[in-house]
Amino acid sequence: MNRLRIVFVVLALAASSVAAAAPQQNKHAAKKVSCEACHGVANPIVAPKVEQCSTCHGDYKKLKEDTKNINPNPHDAFHLGNGDIRCSLCHKNHQESTLLCNQCHVQSRKFDIRVP
Amino acid sequence: MKQENNSAKDLSRRSFLKSSAVGVSATAVVAVTPSLASTAATSRKVSHPEAEPLAPVAPPLKWDFEADIVVVGAGGAGMSAAVTAAEAGAKVILLEKNPWCGGDTSLTSGAEGNLGSRMQKRIGAPQLTLDQRVQYWIAVPGPTSFVNPTMLRQIVAEQGPTFDWLEDMGVRVCEDVVFDWLPEKLGIGHTPIDPEHPEEGWQRWHPMNGRGFTRALEKRARELKIPILLESPASALVTRDHKIVGVAAKTSEGIRHIGAKAVILTTGGFSANKDMLTKYVPARRIEDVRTMSYPGATGDGIRMAQGLGATVDIMDEIERWDGGALWHPDSVGEAHAWYYATPNQLVRQKSLTVNLQAQRFFDESIILGYHYSYQGAASQSQKDHTSFTLFDADCISKEDIIKKFRPFACEYPTRWWDEQFPKYVADGTIMKADTINELAGKMGLDPDALTKSVNRYNELCDKKHDDDFFKAAEYMQPIRRPSFYAVKQRGGTMFNTWGGLVVDDKFHVLDKAWKAIPGLFVAGENAAGGARVAFCLPAGRLAGRNAANEVLGKSV
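Residue numbers (our numbering), protein chains in the order written: chain R, 1 to 116; chain F, 1001 to 1556.
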């Protein structure tokens, strides 16, 4: 019985440590942004919605203005509909950021835009 | 064992398609064409996991969302269906695989679906009767001549009202005729313009004016409070006792189940699904071919319906365009954007084109052919799918091109022409030389053969009659004044796939016994022959209306 209990406790600890494992890379850490600020306290942890990012970074309208001198303007992309696509499709906090446009715009049609 | 079963199905399906296409029995096809039988034998060893039907799943204990109708895919057909069904009073949920709405409809340069609309009357275009309009769509090259005539008639009759409905929704349309394929000049092809910048006409959004349709539809869908689940590709149909009761979708938060009384499949074609292309399309037709669709065009709707025993048709037909000058082996079979770059537009002009033997091989001015682009199909038929288009100093500026070759639609120089031309000359994509000999060297062709072909072409230009290929005299511009330019093109591009689900006259999906699968509707490129924006939008309306009537218990 005791042994079983120990096994259970060990398993539970292992599971919780997996769930709470800190990501290798965390660009927001430098700005002292807590995990909860983006992800909330819900489980499982999911990528934040646009509204969440907007609370600090401003909405698409502002971002479009901020990047108006970049050609093409990544926040006013030709293909986007009326909706705002999820920020973390390009801006990644826990890995290298990417430019979603270049998924299709390949080779000589690639856009050279730095994504923070 | 499983593979053998599949190939047996393959064989009977292929034979069935062949027999339905040419009207001979399946056994006759196998007997008289041993190559077909051996192809089927070879395919026994090949597996195409991403081409297999997607099996339905059982209902969950609890639905994550519920609606009357779930529409799978927020492209032109899907949003048109969703908005129509919601306007009819049904509770609708819209699923979309991409992080944005619009689908491949937003990538089109326009649509020919204005026949019978108020706007056609307004601009004084010829007023065609319904039978003339139906005949147009049967005659014009493309998938629409494959659409079952009962459907075709319904869709064509719905085109005008659909165009009016879109105008009421805020779509602004350019009154210039941008497409007009047939010699009769019907004033048929008009494209959306930016309502905020009408003065710039179709050139502002050129080449992707289709977004004029999809943005307005998306706005309307959001006004109607239709929940749109982005990044949520449907993964399976949910059935109970062989009846559709919902859809499962793969979201970033896990699988979500949406309960519904009807499902409308509008996931588009399968031009970004390599397994399906390999399984269904003849090998040489897709060799060196790239995809113009968004990467999400993987035939999900077709595969999900096949999981319920749905019938498919014309799966071996794709829409073929030229491969362009920016061809690259890495991009074969991949979705990618490239089509309207200046060198690609140059190879599409009606100037002298030669193959690897430095010989001219066709009338460069013919635009349309069986697989839509005659130029694309003709150049893809050459050795290594390769050809070159030549110009001289008199025919390279944007103004000269417009004046001398009268390009339209996809040939028409885009606004970045002047900026791109020197860039591509510098990187060698547009080859430049002071003599034809030197140009031949750069092209890797036999200089004597090229000189001979250019001389012959110039001679025909002087004569004002193309004795060799009968190109209209107005396009016979000699290659005489240095510098000389050449652009190489290779391969082909697939704009869409024509194959898809077979439907009845209410847009229900038919099973192999040709019986409607209850609660399952389809519109757009998911349906066999539906790959035209001019068909997606009205077909979406019809499917949306039929589904709403069915779930709300209204008589039709």
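What the hints contain is simulated information worked out from the structure, not anything from laboratory work.
One should not assume that every hint holds.
FRET-style restraints, in silico, Cβ to Cβ [said to hold, decoys possible]: (1) F/Ala1426 x R/Lys31: 53 to 59 Å; (2) R/Lys92 x F/Asp1400: 56 to 62 Å; (3) R/Glu96 x F/Glu1459: 57 to 63 Å; (4) R/Glu96 x F/Gly1254: 40 to 46 Å; (5) R/Lys31 x F/Gly1444: 51 to 57 Å; (6) R/Val41 x F/Arg1222: 27 to 33 Å; (7) R/Glu96 x F/Gly1428: 27 to 33 Å; (8) F/Asp1400 x R/Lys31: 52 to 58 Å; (9) R/Thr98 x F/Ser1397: 35 to 41 Å; (10) F/Pro1195 x R/Val41: 30 to 36 Å; (11) R/Ser97 x F/Gly1254: 23 to 29 Å; (12) F/Glu1459 x R/Ser97: 55 to 61 Å; (13) F/Ser1397 x R/Ala29: 38 to 44 Å.
Every residue, glycine too, gets a C-beta built ideally from N, C-alpha and C.
**Asked** Hint by hint, which ones does the structure fall short of?
**Response** Hints 1, 2, 4, 10 and 13 contradicted; others consistent.
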